[in-house]
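J.: One letter stands for each residue in the lines below.
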Amino acid sequence: MIPMLEIPGSEALRVELNAFTGPLDLLLHLIREQEMDIYDIRMEKLTEQYLARLDQMKEENLAIAGEFLVMAATLLYLKSRTLLPVQDRPPEEVEEEDPKWELIRQLIEYRKFKEAASQLGEREALHSKIFGRVPERVSAPKGMQGPGQVSMFDLVWAFQKVLRSVEDRSRVGRFEDEKFTVGQKIEFLLDRLSPGEEVLFEDLFRSMSSRGEVVVTFLAMLELIRLRQLAAIQDGPLQPIRIRRTPEGILGVPSETPSSVEGTGQLGDNSAV
Amino acid sequence: MEWARILEALLFAATEPMEPARLATILREGPEGGQGWPEVKEQDIRDELAQLSERLAPRGLILREVAGGFRIGTAPDLAGWVAKLKGVTKPPRLTPPALETMAVIAYRQPISRAEIEAVRGVDCSGTLATLEERGIIRISGRSEAPGRPILYSTTPLFLEHFGLRDLEELPNSEELRRVKLPAPADPAGPQQEELIHETVESAPQS
Chain S
1 MIPMLEIPGS
11 EALRVELNAF
21 TGPLDLLLHL
31 IREQEMDIYD
41 IRMEKLTEQY
51 LARLDQMKEE
61 NLAIAGEFLV
71 MAATLLYLKS
81 RTLLPVQDRP
91 PEEVEEEDPK
101 WELIRQLIEY
111 RKFKEAASQL
121 GEREALHSKI
131 FGRVPERVSA
141 PKGMQGPGQV
151 SMFDLVWAFQ
161 KVLRSVEDRS
171 RVGRFEDEKF
181 TVGQKIEFLL
191 DRLSPGEEVL
201 FEDLFRSMSS
211 RGEVVVTFLA
221 MLELIRLRQL
231 AAIQDGPLQP
241 IRIRRTPEGI
251 LGVPSETPSS
261 VEGTGQLGDN
271 SAV
Chain F
1 MEWARILEAL
11 LFAATEPMEP
21 ARLATILREG
31 PEGGQGWPEV
41 KEQDIRDELA
51 QLSERLAPRG
61 LILREVAGGF
71 RIGTAPDLAG
81 WVAKLKGVTK
91 PPRLTPPALE
101 TMAVIAYRQP
111 ISRAEIEAVR
121 GVDCSGTLAT
131 LEERGIIRIS
141 GRSEAPGRPI
151 LYSTTPLFLE
161 HFGLRDLEEL
171 PNSEELRRVK
181 LPAPADPAGP
191 QQEELIHETV
201 ESAPQS
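Keeping their order, the protein sequence lines are chains S and F. Residues in the first sequence are numbered from 1 upward in steps of one, following the working numbering. Residues in the second sequence are numbered from 1 upward in steps of one, following the working numbering.
Just chain S, same shape as in the assembly (with noise of 0.2 Å):
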């Protein structure tokens, strides 16, 4: 149970307890408020403080975030600690960093994006008073699901034709050790289609010479397809497939996708397999 402590001259102070951002954010109005200094917590105190928030939170029927609950339990480990005298810690934490060490880094490197964070703020009232032209909405057309949509097979098929002409490349050249991620490749992918840009399947692979850089950029593309960050299209059947890049919504609203591909389809998660 949470003890019930008096803080003096509380009512003035009442701070909407919401408005913190999380246990840190909290710690830091506190330490301000005492005026302490970051590098010298007095944990007891702090410690005290603390849970009367929570306690005021409680009382005020707010609902508790649970990492505030993991806080009080940490600071109350700490303030534990202080009142042991240094000969009566368990052997293996004499030698060790004062745990408390570990609360104030991570305070001030909090403090320091919170700083950024509100800076950030600012310019961004101010350029949200700012209006620009946004791309009209089309709206999307119907056919997602027409013939012409792109199966697993078909994108199968485009790619051991990629990998063919890889190999008939590769005869004639060198044999080199090298190490391809799908981290890197989806960071190509991304770098190499700018949003609403597409590009034919193959071009993709065209300046590649080896089948593990092919297949390890096959695989990127999937993942990027499966977090819908990508779209393949063919508009018809033996035509080339085509992979765009999903626009970026603006401001919340997705972009449609633009009419002239109507009739086209799309490669999503309920594809033929």
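None of these hints come from the bench; they were simulated from the model. Treat the hints with care, since some could be wrong.
[To be verified] Not everything, but these chain S residues come out facing chain F in the computed CB check (under 8 Å):
id: 1; residue: D40
id: 2; residue: E60
id: 3; residue: A65
id: 4; residue: Y77
id: 5; residue: P85
id: 6; residue: P99
id: 7; residue: W101
id: 8; residue: Q119
id: 9; residue: A125
id: 10; residue: S128
id: 11; residue: G132
Where a beta carbon is used, it is the ideal one built from N, C-alpha and C, also for glycine.
Since the structure of chain S is provided, determine the placement of chain F on it from the hints.
T.: Then chain F, alone, in the frame of chain S:
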């Protein structure tokens, strides 16, 4: 410049920031089947853009350099009027938690959710979803760390939203990028991580 009007029209019609190089290419190539200005250089465009910005100053429009390009927008002091036209009561701003998450990503990208949460000390799944939905962050890859967590980065829309030319223009970027991140909870012993998620789920939403 004779082509200043063209520049103005292009900027007005554009729905995204226009890089000077791109504007120069369009001017040099000219319209379909028409004559361009083959001698126009990128620097000429920049000079003309500076003049255009001055010409716009007393008017209802401004020219901003954001996200690597130039963009025409309405003057900030007229925000209330434009908002009325658009039927919005106040401009869409991010909440303090979303801004914090945004700041951590902006300075430390690409970054995983666990790393962001290690800095902020709270669950960030909600704010990440909001930021991604608004198109100011994106999934940029996967980390090589255990569990191969998804990594987040900012988009050009982030720069535009905060009126930044590029990431270098972020305040104190030197100092903040040097900040060593607290280590994320060890996936092998995720006591803390699990606790956070469990309690958040069971806590009623306020």
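J.: Now look at each hint and say whether the structure bears it out.
T.: Hint check:
no., hint, in the structure
1, D40, "violated (20 Å)"
2, E60, "violated (10 Å)"
3, A65, "holds (6 Å)"
4, Y77, "violated (13 Å)"
5, P85, "violated (28 Å)"
6, P99, "violated (13 Å)"
7, W101, "violated (12 Å)"
8, Q119, "holds (5 Å)"
9, A125, "holds (7 Å)"
10, S128, "holds (4 Å)"
11, G132, "holds (4 Å)"
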